[in-house]
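If you read the sequences in order, they're chains A and B.
End of the first sequence sits at 311 in the numbering used here; the numbers just go up one at a time, nothing left out.
End of the second sequence sits at 423 in the numbering used here; the numbers just go up one at a time, nothing left out.
Hints are computed from structural coordinates only; laboratory data are not their basis.
Note that the coordinates shown come from a computational prediction; the quantities given were computed from them, not determined experimentally.
Hints may contain errors.
[To be verified] With a Cα cut of at most 25 Å, we get these calculated SDA-like pairs of lysine to any residue:
1) A:Lys174 - B:Asp319
2) B:Lys222 - A:Pro39
3) A:Lys146 - B:Gly390
4) A:Lys213 - B:Phe211
5) B:Lys280 - A:Gln187
6) B:Lys272 - A:Lys307
7) B:Lys272 - A:Glu220
8) B:Lys217 - B:Glu197
9) A:Lys213 - A:Tyr286
10) B:Lys240 - A:Gly34
11) B:Lys240 - A:Glu220
12) B:Lys226 - A:Cys210
13) B:Lys191 - A:Ala78
14) B:Lys280 - A:Ile244
15) A:Lys51 - B:Phe211
16) A:Lys213 - B:His258
17) A:Lys186 - A:Tyr286
18) B:Lys240 - A:Asp24
19) A:Lys146 - B:Tyr221
20) B:Lys191 - A:Leu2
21) B:Lys272 - A:Arg206
22) A:Lys174 - B:Asp366
23) B:Lys191 - A:Leu77
24) A:Lys185 - B:Ala295
25) B:Lys191 - B:Arg377
26) A:Lys182 - B:Asp291
27) B:Lys387 - A:Thr73
28) A:Lys224 - B:Ala247
29) A:Lys307 - A:Arg214
30) B:Lys272 - B:Ile243
31) B:Lys191 - A:Arg86
32) A:Lys222 - B:Asp308
33) A:Lys182 - A:Pro242
34) A:Lys51 - B:Arg209
35) A:Lys222 - B:Tyr221
[To be verified] Taking CB as the label site, the calculated pair distances span:
36) B:Lys240 - A:Lys186: 29 to 37 Å
37) B:Leu381 - A:Thr4: 23 to 31 Å
38) B:Asp382 - A:Glu91: 16 to 24 Å
39) B:Val230 - A:Arg43: 23 to 31 Å
40) A:Ala292 - B:Asp382: 56 to 64 Å
Heads up, the beta-carbon is just placed ideally off N, CA and C, and yes, glycines get one too.
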Amino acid sequence: MARSLWTGSISFGLVNVPVALYSAVRDLDVHFRQLHGKDGAPIDTRRFCSEEDKEVPFEAVGHGYELDSGEQVVLTDQDLAAAAPRKTRTIDIEGFVDLDDVDPIYFDHPYFLAPVGEAEGNLRAYRLLVEVMASTDRAALGRFVMRTKEYLVLVRVRDDRLALTTMRFHDEVRPAKDVDTGGRKPAKKQLDAAKALVEALGTDWDPSRYEDCYRKRLLDVIERKRKGRKITVAEPERADTGPPPDIMAALRESLERARSGKGFDRDEEGDGDGGSREELEDLSRDELYERAQEADVPGRSSMSRDELVKALSE
Amino acid sequence: MWGYPGPMPRSIWNGTIAFGLMTVPVKLHTATESKTVHFSEVHLDDGARIEHRRFCSREDKEVEYKEVVKGYEVSESTYVVLDKEEIAAAAGDRGHVIDVEHFVDAGEIDPVFYEKTYYLGAGKDGAEPYRLLHDALDATGRAGIGRFTFHDREYLAAVRAVDGVLVLHTLRFVDELVPGADVDVPEPSRGPGRREVEMARRLIDTLHEDFRPDGYEDEYRQAVLDVIERKAAGEEIAPSEEPEAGDQDDLMAMLEASLGGARKGGR
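Extracted from the complex, chain B is given alone in its bound form:
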């Protein structure tokens, strides 16, 4: 990278945000990375690496990668074979343009639509329009909704201003979301009473806290790393146990006890 002060995460896509007749050259950077402890598959008997080999299901013979094609099953065991170029033909190449169709109130987008987040940095000659778009979005609280093509597929995206940076979220399409009506929730014969609602509301108030993202560590990740370390030291790993939940026969008593505990605990 030339001319940037300090290290800069490598950009994964360069292009232009377009809205109206305005164009803003931008670079896309990854904003999130999974820190899940990653394992490789090994053979338990000898600790050797596991290889995945491709076999033709008809001939029962190993097949080289270059002999593999991609097929879409149109009916039971009938496939339409497409090559790479034919699949790419569907990408809807918009060039390297994030085409913002309109701007919506960012707070209106339900969290379920957000998929993956990227940072946008100013691209070549883009410093001035970048700042302008950022400040305009920041001042209006709006997000630009548009489409762009990335890795041979088209995405719906929202562009927002967050703490001085433009971010791009890929969005889920509405038909990818399961409507609540598809999830059965049987009704109780008698709904919760007013006192129960009141009590539960007080419990929520008592447990209210500010959201501080760095206040929550991935304890499981640490526990996995601990088990790895113990196993490396030759320790036996014992399984853990846990209890089952019963029916709530006295909801009111539970709420009262919780409220008492929450107050004493000072949370």
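If we strip away everything but chain A, and leave its shape as in the complex, we get:
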């Protein structure tokens, strides 16, 4: 289990349950390291005092804040710790709200809460919160301080555990009043056609059908580079277009194609799933076979390397 980011307790009325906080998100991004181009050695960053031109140890670094007057105030870590306006080791539940009333725009980072220790009373209190909260559509609204920031949080149940989500404060959400929200109300006939198209392209939300193609491509590029191959930049798959000249006609045609399962062959060359021919030529048969599995190419197991390239680039 990953290291906890915070330990404290969640307090619900007078019930106080010691909990530890774990991130519910893992960082799968491809990270690069800064290197010195000349010798390939990693770059270190060091802190220097701009006045003295001398290296400064981390303990000697403070937090500077510029007042409106231009004058600078310097705070130490201890000064900042004193700003915590309340007990910093408690998630105080202030009330319960309907989860549906909270717009996703407020959601920030998701976490899990797990009970700390083996004390029977705590485990039972944790289980009680899970059972009760799982049976309502309500989420607990509370606050807590982690490191140097206070968070407004929602606590609810996910995967049979208490799940906490940090939230943005209302003044961190910009008003939308200056955004151009388009023209007049559409005519009923048009709206009906648009609604029908949305429904025709409707499906159940299944997050597992989307994978991070960017991450995959980036790892691919790294692998190709490692093997000493040339990296080429692909042309945009599709050009940016204006609105359709005849909206009603576009809706009707779309609806017809969606209903007959014809699909929308908008890509000009290939569907981008298999990759460009040039890119495919670089892959081994095993790599090609793996892609063929993903693309569900029929008869893939008996295909030669060249046949796989051909099937995937089509």
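We have chain A; now place chain B onto it with these hints.
Coordinates of chain B only, in the frame set by chain A:
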């Protein structure tokens, strides 16, 4: 900006939402901004600004930015170096198109998937199709799920109608989410009793309130600004203290007392 009434937040991306054969020209605007009090690093001894300087770890010599390259560690201390163009080659340039693949019931998307939110405004010649898409999403309660490329990387996104505006949320991929099973939760030897569950449920009902986002201020932000002001006035800042939580030996008594308090408090 031409032709817009009043001030308009600068758009950070212009493009087209495509679904079926329909296209909707849009502009992307930031919808959220952090108001966390921002500090700069200073040297405590003299209050001077701290600079971050790059050093080659082998030569122990300062290195200029233009001598720095990006490397990906493929095995211990072995890096594959990529230049900017090679990294951009992975971006999967979809042009400036938000390709909506399908529409799902917006209420089905668990909150954990939402990452960052942007407002969508109508783009050039986009007034009519913008309104149409907005109204269709509003009436069906659906969100368009698609992909788009922004700042040289591809995102999964949900497009929803909210209070008259189209918003775009970038979404997390399912493999970025930690499954609950990865978080150990030991079971108590005896589960909570029926009366405890009943009591806790009543406590939740008693504490029920409407979600009013502007009812919650960032008190910590204010406290930090207060400390800054006191420090500027030359005050000493004293540390704060706090108690530890104990074990819950009598859950029922705690719940009863909470319920009594919640009722009296009138929350």
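Consistency of the hints with the structure:
Distance hint between A:Lys174 and B:Asp319 is fulfilled; the C-alpha atoms sit about 10 Å from each other, no more than 25 Å. Proposed proximity of B:Lys222 and A:Pro39 is supported: the alpha carbons are some 15 Å apart, at most 25 Å. Our distance criterion of 25 Å between C-alpha atoms is met by A:Lys146 and B:Gly390, whose separation comes to about 24 Å. For the given pair, A:Lys213 sits about 32 Å from B:Phe211 by alpha-carbon distance, which is inconsistent with the 25 Å threshold.
For the suggested pair B:Lys280 and A:Gln187, the alpha carbons sit about 20 Å apart, so the restraint of at most 25 Å is met. At roughly 40 Å between alpha-carbon atoms, B:Lys272 and A:Lys307 are farther apart than 25 Å, so this suggested pair is violated. At most 25 Å may separate the alpha-carbon atoms for a hinted pair to count; B:Lys272 and A:Glu220 exceed this at roughly 30 Å. Taken as a hint, the B:Lys217 and B:Glu197 pair is honoured in the structure, with Cα atoms around 23 Å apart against an allowance of 25 Å.
Restraint check for A:Lys213 and A:Tyr286: satisfied, since their Cα atoms lie roughly 16 Å apart, inside the 25 Å limit. The hinted pair formed by B:Lys240 and A:Gly34 meets the criterion: a straight-line CA distance of about 13 Å does not exceed 25 Å. A distance of roughly 16 Å separates the Cα atoms of B:Lys240 and A:Glu220; the hinted pair therefore holds under the 25 Å criterion. Simply put, B:Lys226 and A:Cys210 have alpha-carbon atoms about 21 Å apart, close enough for the 25 Å limit, and the pair holds.
For the hint linking B:Lys191 to A:Ala78, the alpha-carbon distance of about 19 Å falls within 25 Å, and the restraint holds. Distance hint between B:Lys280 and A:Ile244 is fulfilled; the C-alpha atoms sit about 15 Å from each other, no more than 25 Å. Pair hint A:Lys51 plus B:Phe211 holds up; C-alpha atoms about 14 Å apart against a cutoff of 25 Å. This hinted pair checks out: A:Lys213 and B:His258 have alpha carbons roughly 22 Å apart, not beyond 25 Å.
Between A:Lys186 and A:Tyr286 the alpha-carbon distance is near 49 Å, which puts this suggested pair outside the 25 Å criterion. Using a Cα cut-off of 25 Å, the hinted pair B:Lys240 and A:Asp24 holds, with the two alpha carbons roughly 22 Å apart. For the proposed pair A:Lys146 and B:Tyr221, the alpha carbon gap of about 32 Å is over 25 Å, so the pair is violated. Taking the CA atoms of B:Lys191 and A:Leu2, the gap is near 22 Å; set against the 25 Å cutoff, the hint holds.
About 21 Å separates the Cα atoms of B:Lys272 and A:Arg206, which keeps this hinted pair within 25 Å; it holds. Our distance criterion of 25 Å between C-alpha atoms is met by A:Lys174 and B:Asp366, whose separation comes to about 24 Å. Annotation: proposed proximity of B:Lys191 to A:Leu77 holds, straight-line Cα distance about 16 Å (limit 25 Å). A threshold of 25 Å between alpha carbons decides the hint, and for A:Lys185 with B:Ala295 the separation of about 12 Å falls inside it, so the pair holds.
The hinted pair formed by B:Lys191 and B:Arg377 meets the criterion: a straight-line CA distance of about 8 Å does not exceed 25 Å. Proposed proximity of A:Lys182 and B:Asp291 is supported: the alpha carbons are some 8 Å apart, at most 25 Å. Simply put, B:Lys387 and A:Thr73 have alpha-carbon atoms about 10 Å apart, close enough for the 25 Å limit, and the pair holds. Proposed proximity of A:Lys224 and B:Ala247 is supported: the alpha carbons are some 20 Å apart, at most 25 Å.
Simply put, A:Lys307 and A:Arg214 have alpha-carbon atoms about 20 Å apart, close enough for the 25 Å limit, and the pair holds. At roughly 23 Å between alpha-carbon atoms, B:Lys272 and B:Ile243 fall within 25 Å of each other, so this suggested pair holds. Pair hint B:Lys191 plus A:Arg86 holds up; C-alpha atoms about 23 Å apart against a cutoff of 25 Å. Proximity of A:Lys222 to B:Asp308 is assessed by CA-CA distance (about 19 Å); at most 25 Å being required, the pair is judged to hold.
Distance check on the hinted pair: A:Lys182 and A:Pro242 sit about 19 Å apart at the alpha-carbon level, within 25 Å; holds. For the hint linking A:Lys51 to B:Arg209, the alpha-carbon distance of about 11 Å falls within 25 Å, and the restraint holds. The straight-line distance between the Cα atoms of A:Lys222 and B:Tyr221 is roughly 23 Å, inside the 25 Å bound, and the hint therefore holds. Distance hint for B:Lys240 and A:Lys186: a CB-CB separation of about 50 Å, inconsistent with the stated range 29 to 37 Å.
A beta carbon spacing of about 28 Å between B:Leu381 and A:Thr4 agrees with the range 23 to 31 Å that was offered as a hint. One distance hint, 16 to 24 Å for the beta-carbon pair B:Asp382 and A:Glu91, holds here, with the actual separation near 22 Å. One distance hint, 23 to 31 Å for the beta-carbon pair B:Val230 and A:Arg43, holds here, with the actual separation near 27 Å. Hint check: A:Ala292 to B:Asp382, Cβ distance near 60 Å, so the stated range 56 to 64 Å holds.
The structure fails to meet hints 4, 6, 7, 17, 19 and 36 from the earlier list, while all remaining hints are met.
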